[in-house]
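Protein chains in written order, with the working numbering: chain X, 80 to 238; chain B, 80 to 238; chain V, 80 to 238.
Derived from the structure by calculation, the hints contain no laboratory data.
Predicted model, so just to flag it, every value in this text is computed and none were measured.
Take the hints with a grain of salt, since some may be wrong.
Chain copies aren't distinguished; within one or between two, either way the pair holds.
Simulated pairs of lysine-lysine, DSBU-like, Cα-Cα distance not exceeding 30 Å [said to hold, decoys possible]:
#: 1; residue 1: K125; residue 2: K143
#: 2; residue 1: K233; residue 2: K144
#: 3; residue 1: K125; residue 2: K144
#: 4; residue 1: K233; residue 2: K125
#: 5; residue 1: K233; residue 2: K138
#: 6; residue 1: K138; residue 2: K109
#: 7; residue 1: K143; residue 2: K233
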Amino acid sequence: RRGEMAKSTQLIDNEVFRAYATYAAIVLIKMMLMSVITAYFRITRKAFVNPEDTESFGKGENSKKYLRTDPSVERVRRGHLNDLENIVPFVGIGLLYALSGPELSTALLHFRIFTGARIFHTFAYLIPLPQPGRGLSWAVGYSVTFSMAYQVLKTAWRL
Amino acid sequence: RRGEMAKSTQLIDNEVFRAYATYAAIVLIKMMLMSVITAYFRITRKAFVNPEDTESFGKGENSKKYLRTDPSVERVRRGHLNDLENIVPFVGIGLLYALSGPELSTALLHFRIFTGARIFHTFAYLIPLPQPGRGLSWAVGYSVTFSMAYQVLKTAWRL
Amino acid sequence: RRGEMAKSTQLIDNEVFRAYATYAAIVLIKMMLMSVITAYFRITRKAFVNPEDTESFGKGENSKKYLRTDPSVERVRRGHLNDLENIVPFVGIGLLYALSGPELSTALLHFRIFTGARIFHTFAYLIPLPQPGRGLSWAVGYSVTFSMAYQVLKTAWRL
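Chain X with its partners taken away, still in its complex shape (with noise of 0.2 Å):
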């Protein structure tokens, strides 16, 4: 039995993993906030997809009014489809980067560096501010993943 929970804490008493985890984590919180803030627009602006989701307003036509969109709600699920198309190759390529034994000080610059760029893109999007702002926080955090890329490539290629 412990030998078994030492297996287990072995990946997580690595560093550069521990640092991987902490930031892995974060920008999934901040992804799955979108849902919340869909639901804060949704609700607040009375605008819904699913009949059954206004039923509450009233029955028949009355409730039929709030099957709408609204633009809140609209920027709000860009967003938050944006960082599934970003944040979630991060989580994968970071985890091989992760385990492809970088140095310490690299991992972290590029975990933070990315981390900070979601987390400005997302306020870019959502307040907005204007271009470019959006579109560079963007590009940093896509030039991250790509050179974490690159390193799992130059370590593992295996074809």
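Given chain X, work out where chains B and V should sit, using these hints.
Coordinates of chains B and V only, in the frame set by chain X:
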């Protein structure tokens, strides 16, 4: 060769990791099934989005009428997207959680409640069940993932 | 310090895991390229969704005409979403599969067929090729992921 095999099966020999692998595979398979359900409704309702998908129904104007949206297809697609938004963070955070050395019974409780909640969520979305059935099952799965993320950050925190 | 490094490179020294890391990185990079293709079509077709993205084309009414959907942009976006729905389960289940101790040759067969099928799928979607080209390549990738999931559940099953 044997040595490699032994190393490769090390994680899978760990009880918590085996539990994680089982439930992660189950929820990912559940998510993949949404593609098949979408295809089923697209074919039976004759509602497609790509012109090349309707060509078997005849050429030109005759097949264009099948380029349309159908409420059932859109409902399954929303359920699929909701799975991506919730099951993907579970798989990522759950892996880190499984490697953070939790008690087997606590880990099983997290994995089982999440898996049950997401299967219920799919039925609640597709039937559909009246609210707050779907909303509550979403909140249960969401809370389980947050609980695991808290445990990961408590164990791994390394900024 | 050295001890930590050694531990961190343990998984990456395993042949099957190296193969997994290589192909997972390749398909994730392929998925990420969809963002660049979307941006390319948005800019060349002048079809945007966020008002702040069109401001460089002039102020007010003049730039509003670029807030529109374009068939090519929507097509790339559907291909990107299809990647999320299929590549993400491959990356998750593939990791568990690589850790379940498969034969290297069997694992390589799975990874290679999936990667080839998804690259073909992207071309079939974007050109587009007549059906059932795209449908078949989707089904091949889907089947490979199911085959790996079956192997994971057979090895790890622990409810």
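Taking the hints in turn, this is what the structure says about them:
no.: 1; hint: K125 <-> K143; verdict: both (11 Å within a copy, 26 Å between copies)
no.: 2; hint: K233 <-> K144; verdict: neither (56 Å within a copy, 46 Å between copies)
no.: 3; hint: K125 <-> K144; verdict: both (9 Å within a copy, 28 Å between copies)
no.: 4; hint: K233 <-> K125; verdict: neither (51 Å within a copy, 38 Å between copies)
no.: 5; hint: K233 <-> K138; verdict: neither (61 Å within a copy, 47 Å between copies)
no.: 6; hint: K138 <-> K109; verdict: neither (36 Å within a copy, 33 Å between copies)
no.: 7; hint: K143 <-> K233; verdict: neither (56 Å within a copy, 46 Å between copies)
Hint compliance for this structure: hints 2, 4, 5, 6, 7 are not met, and every other hint is.
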